[in-house]
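There are 4 protein chains.
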Amino acid sequence: MDFSISPKMQTILGMINEFVDKELIPMEHDFLTKEFSSLEPELEEKRRMVKEMELWAPMHPKDFGGMGLNLLEYGLVCEALARTPLGVYTFGCQAPDAGNAEILHKYGTPEQKEKYLRPVINGEIRSCFSMTEVDLPGSNPVLMDSNAVLDGDEWVINGHKWYTSSADGSKFAIAMVKTEPDAAPHLQASMIIVPTDTPGFNLVRNIPVMGHTGDSWHSHAEILYQNCRVPAENLLGPRGMGFILAQERLGPGRIHHCMRWIGICNRCLELVLERATTRPIAPGQVLADKQIIQTWIGEMAAQIQAARLMVLHCAWKMDTLGTKEAREEISLIKFYAAGVLQKVMDTALQVHGGLGMTDDTVIASFYRGERAARIYDGVDEVHKLSVAKRIIKEYKAKKGQK
Amino acid sequence: MDFSISPKMQTILGMINEFVDKELIPMEHDFLTKEFSSLEPELEEKRRMVKEMELWAPMHPKDFGGMGLNLLEYGLVCEALARTPLGVYTFGCQAPDAGNAEILHKYGTPEQKEKYLRPVINGEIRSCFSMTEVDLPGSNPVLMDSNAVLDGDEWVINGHKWYTSSADGSKFAIAMVKTEPDAAPHLQASMIIVPTDTPGFNLVRNIPVMGHTGDSWHSHAEILYQNCRVPAENLLGPRGMGFILAQERLGPGRIHHCMRWIGICNRCLELVLERATTRPIAPGQVLADKQIIQTWIGEMAAQIQAARLMVLHCAWKMDTLGTKEAREEISLIKFYAAGVLQKVMDTALQVHGGLGMTDDTVIASFYRGERAARIYDGVDEVHKLSVAKRIIKEYKAKKGQK
Amino acid sequence: MDFSISPKMQTILGMINEFVDKELIPMEHDFLTKEFSSLEPELEEKRRMVKEMELWAPMHPKDFGGMGLNLLEYGLVCEALARTPLGVYTFGCQAPDAGNAEILHKYGTPEQKEKYLRPVINGEIRSCFSMTEVDLPGSNPVLMDSNAVLDGDEWVINGHKWYTSSADGSKFAIAMVKTEPDAAPHLQASMIIVPTDTPGFNLVRNIPVMGHTGDSWHSHAEILYQNCRVPAENLLGPRGMGFILAQERLGPGRIHHCMRWIGICNRCLELVLERATTRPIAPGQVLADKQIIQTWIGEMAAQIQAARLMVLHCAWKMDTLGTKEAREEISLIKFYAAGVLQKVMDTALQVHGGLGMTDDTVIASFYRGERAARIYDGVDEVHKLSVAKRIIKEYKAKKGQK
Amino acid sequence: MDFSISPKMQTILGMINEFVDKELIPMEHDFLTKEFSSLEPELEEKRRMVKEMELWAPMHPKDFGGMGLNLLEYGLVCEALARTPLGVYTFGCQAPDAGNAEILHKYGTPEQKEKYLRPVINGEIRSCFSMTEVDLPGSNPVLMDSNAVLDGDEWVINGHKWYTSSADGSKFAIAMVKTEPDAAPHLQASMIIVPTDTPGFNLVRNIPVMGHTGDSWHSHAEILYQNCRVPAENLLGPRGMGFILAQERLGPGRIHHCMRWIGICNRCLELVLERATTRPIAPGQVLADKQIIQTWIGEMAAQIQAARLMVLHCAWKMDTLGTKEAREEISLIKFYAAGVLQKVMDTALQVHGGLGMTDDTVIASFYRGERAARIYDGVDEVHKLSVAKRIIKEYKAKKGQK
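Residue numbers (my numbering), protein chains in the order written: chain W, 1 to 402; chain U, 403 to 804; chain E, 805 to 1206; chain A, 1207 to 1608.
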């Protein structure tokens, strides 16, 4: 075992941390109180700087303009970027574009790659991923209602989706729809690329989430597909392979999310330390002198360390043995890191008292927005059951062999 | 011991529950997505209905137009009203007016009562309570910076306050300021009534709290007092008694808050039951069929029951023995009920999955806004320490007697 | 609502607390390090004192020599007695005799009452309750294997039981066995009185529990019934009503247990206070001066208060509306109070550090023995599910009516 | 980063796991119900087998007959051995001998090494470590009362120690006593080797711990040093360096303990899986089919994984950068792994229901004995504070530099 980080990565992370501190954290106040679109011109300039520093699109292949980092390396980058909500966007690795690009890279036709992948990686356009159904649990594919039928050389799509993040302003959506209703449950869906200006692609609303309707990249839309027609060649990957591809997309995506959460935890701890070492509570005393606060700092440090090593280990396993071999670890980190995140955010808020409730720090925004960590990409409970079933199955198999 | 609820209160609570269900819950969607002031005309009509039903101002004295309920009875009313964020406002018992009215009733001069108390209880005007300092912990009175000096027959007030809830639109503030800098620490502050149109009373901003700036009653302001002059007779209560009065104000206020939190818990449990019994998760199965959800429902029920009985017991003790005798119980319920509230809200949100994050239910609003329950009126930690010190002191005293 | 305790009960509780302090706590060291039977002569003398004080058998009917307290009153007595592991035994209200007496009083024939009930209540003999099966979950009656068949005027009993508490030294067992294999699942079992000197009643062993085999009243036996024959008239209650009677026995028994746990919590808190106020940690400082310890004391106080009020409320409901109406509350207190107990014991042990692990205080004994609180009479999980199912059912019924 | 385990270690761990399964777990029932000394002959035979397999004394230097593993490698061995309470003893790496040997190896004179170290490593004799004082907290060295004064060429030792583990049957103790009362607080104590047959070395009692007095290696003694005289050359290491050496001893010792706890967790999980997959709860259903049990298995797996990676990372850091550089990590793992251990043991017990309380499985023994994990070598709370103080100090230093 060797837990050391390569000199190359140490350099990269040092540059990123400095950039985040100097260029992005000062923009947070605007992020917290203004519309996202009003920040875009300034963010465009920051993106230009990132490209010049050759830190753009760290997880994308080099031949498409990225840095070509492996998953563990990119995980460390996510951690550094997530210290601010503006990090991943500015470095060209924001969801859902990152995941969409991955699918396009692996399964897209040469034409799809030129038309959709390249401009997404370049940050020229944005895209969205349209999977979650309004009234149905995402964890059970059998319950999908949206569908597409081939009418001549066109797919005709009908369906009702929501939580299509960043649809507002996107150039295209990757829609997950049922195309093979008679196949086995996991082989019924396909992915289809839908330009958002296609008639029948209706963005009903940006959903108000935690009091915030959002706009542009920073939004979650409800989409109604009504006889929405796209060319047959917009099929992404083989017919009926939608769920398989979505699962593949989710694996690395969970590393991205989990390392992002660790980064948020790190930021929360920094804010706690700043607050605790400066906030007077009695003449000559600050919060950091008190056992309760010290206890919390100790516990935060332990939880962050635990979650961080788990996620890095999982990334390493995926890099070396592949996603499939790491399915148990992926489920473990998903719920474990989300739990740590929530505890750390909650403690950070409490240390800040009334100030923690306001948008004068970034904590309240983390607290309300990242509550979703325990929900998206599979609620905690589904992952716990999934891990357990796998462990039980392995135990039985091992016992049977004896 | 007798845990029964009187027939009178059962009738009152039945009426309130029905009113909340029929008149207020349907308005919640607007509350969650619009400015508060845009709801005020409709709420004015609801308030008229409440007055006609003779359920107005339940905790205020009958001779001022209230129902004259005792603390335990009013606690039960709070519980019923808190099922919706619009409850207390519509029934004329919203903070901070309720607490202000109590102080005015006990300590106001006849002139102050006519000018300020009566219209507040009638719901004709609103008021605010200006105590919390921007950079100083509320729990340590020595650290107060705002002050007033008597200049002839006028108080000249200077200071910087925030979290002055509902200042926006208020007719007057009760300001807590240092007037006796040379007195013992707890005897330095006084309360002064400050009409909000007084020059030098500057509402700097409504503070963005959890992403929401708010307006009117539903807001928290930052106030700058700059050579703000009010007549000497605006002193409320004796000089130097500000903290004593504020403590007195807080005692019953904590019952109001805690029972309100129980009401929010009850609503959360209702929403969980509705969701669990209707949300399909597999063909022929709903969430409520699953052990995980059932376990949560069992745990929610236990926590709510525990917190509820503790608060009612505390209210009973205050009604029978007085606030001072119940100080330990008041601290216990403050942090215990706040903890239960947070767990229950969190579980309710989780049961709703992605929907729980949106403002299509009231849960996300509870989740972010009521996070403050563990902070205002004394953070959890201060109450735990306070209880412990009292218990330790009692133990030593008891042992010394032996 | 009225949370006051009657003067009569205050007097009784005062006497009990004094007796426990002066007569029983000094015997604890022997209890913790010697066999129980070696303490019995001294305990016999204490029992005599209790009878003279007219505090004997508090929950048993007056005409059988008890005090005739109702459930709430007796709950308060349990709380006081449980401050020491020797309390309930010394006051003639130890399990399983207490529960057996209740069944015999309600369902015994006049002959059974004279022969078994009277001497049990008098403390002349002890008894045991033989229900739990070795390999089968107690919560599912269908899975019972032990059985009895009527052969002429004798029951012939076969079966394998364990956790038959206090069988060692008992004069008779009440055995729960299947007698009606063809009836509906809940109507298959009956209760039969089995004198322990009956051939075929084999006490295989006292089971080592938490490192302690135990003896006499303080033991848990494994029993093998092998063609064990008793007269037909030893049937207790109607045929096939075993489970119904057992349930009835369990209801009040849970109040006894829960209030006993509260008493243990109270004792733990006393020990924490004694330790914290005397243990030096630095020159001039004791544990009680530290925020961590204070926080724990505050949390213990809150948890104990919460659990205590819940149990008393449940007892009141059973006294006024009957056991059946209080089924939900009974399940709630069972798991909630057990959870509080475990947290409080754990904290008390931690405050005592290395000493807490030794048998130089009573805490380690509580810690290991009372871990069973979350298991016996229905594991936590079963009660949570049971409460939830009832709540869900009520919700559906209520909604259906609308 | 590379999380792979070397082929050499995989082979060693495979052999150990098989040995534990075949040779040691079958002896557990005797361990749980008999005196330890009665097992020693059989254990001697097992030790002989271990030596033949060349797996003896894995962490000791090769030139003293050990395997010479580094800390990370030995940590993995601890994990494998700890699946049974008999593991470390049988492989010659039991506490306190392991730590004593380390000190002797580093600081012993050549004569001390021959006389004490060699036979300890060979398993010919046992030793104990006499540091903890009866009434004083171990975490504060200033509070040590035991002392030694040099009288001619002899140390005269007086003092009262307890928790001197395994003193019963030991050939010598390493006693920590104050020798330099006028030095700075951390430089007052020295280590002295005291043969246990020295007059004045009085083993007062084996302390009953969790109901178990214990004997031989499996015991904790109270020791009274009364004018106990040993030759001056029995000083171990330099005068006044006792605390420094003890700290050095504790660092690696915490890795040993923590990895041992992970091993106990692994065993608990195995027992849970066996129980869950075989225990019927309804016709055709076993525990493992239930969501509650599955959820627990998922949570156990995550907690074990988190703690395990943290401890291995810490061992790696100590191996590569030294103990001093890893002080923060050492404190983190101490309380974090202890917390995971307790949760896992508790869950394992709960899954076993009544059986879990008995000594028919090893769980109850783990549960009561390993409760001490949160206490010895520094209570959780001390480590949390220690970590926090270090983090706060680093934060201030870093900020000061900017």
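Worth double-checking, as some hints may not be accurate.
Not everything, but these chain A residues come out facing chain W in the computed CB check (under 8 Å) [stated by the list, open to error]:
id	residue
1	S1244
2	Y1313
3	G1314
4	A1488
5	Q1491
6	A1494
7	I1498
8	I1503
9	G1504
10	A1507
11	Y1542
12	I1597
Distance windows between CB atoms, simulated [said to hold, decoys possible]:
id	chain 1	residue 1	chain 2	residue 2	range
13	E	G869	U	K726	52 to 58 Å
14	U	R520	W	R205	43 to 49 Å
15	U	K573	E	P1087	44 to 50 Å
Read the hints as simulated data drawn from the structure, not as lab findings.
Quantities reported herein were computed from a predicted structural model and do not represent experimental measurements.
Just so it is clear, CB atoms sit at the ideal spot from N, CA and C, and this is done for glycine as well.
Do the hints match the structure? See the list:
| no. | hint | verdict |
| --- | --- | --- |
| 1 | S1244 | violated (31 Å) |
| 2 | Y1313 | violated (29 Å) |
| 3 | G1314 | violated (31 Å) |
| 4 | A1488 | violated (17 Å) |
| 5 | Q1491 | violated (13 Å) |
| 6 | A1494 | holds (5 Å) |
| 7 | I1498 | violated (10 Å) |
| 8 | I1503 | holds (4 Å) |
| 9 | G1504 | holds (3 Å) |
| 10 | A1507 | holds (6 Å) |
| 11 | Y1542 | holds (4 Å) |
| 12 | I1597 | holds (6 Å) |
| 13 | E:G869 x U:K726: 52 to 58 Å | violated (45 Å) |
| 14 | U:R520 x W:R205: 43 to 49 Å | holds (45 Å) |
| 15 | U:K573 x E:P1087: 44 to 50 Å | violated (58 Å) |
Going through the hint list in order, the structure does not satisfy hints 1, 2, 3, 4, 5, 7, 13 and 15.
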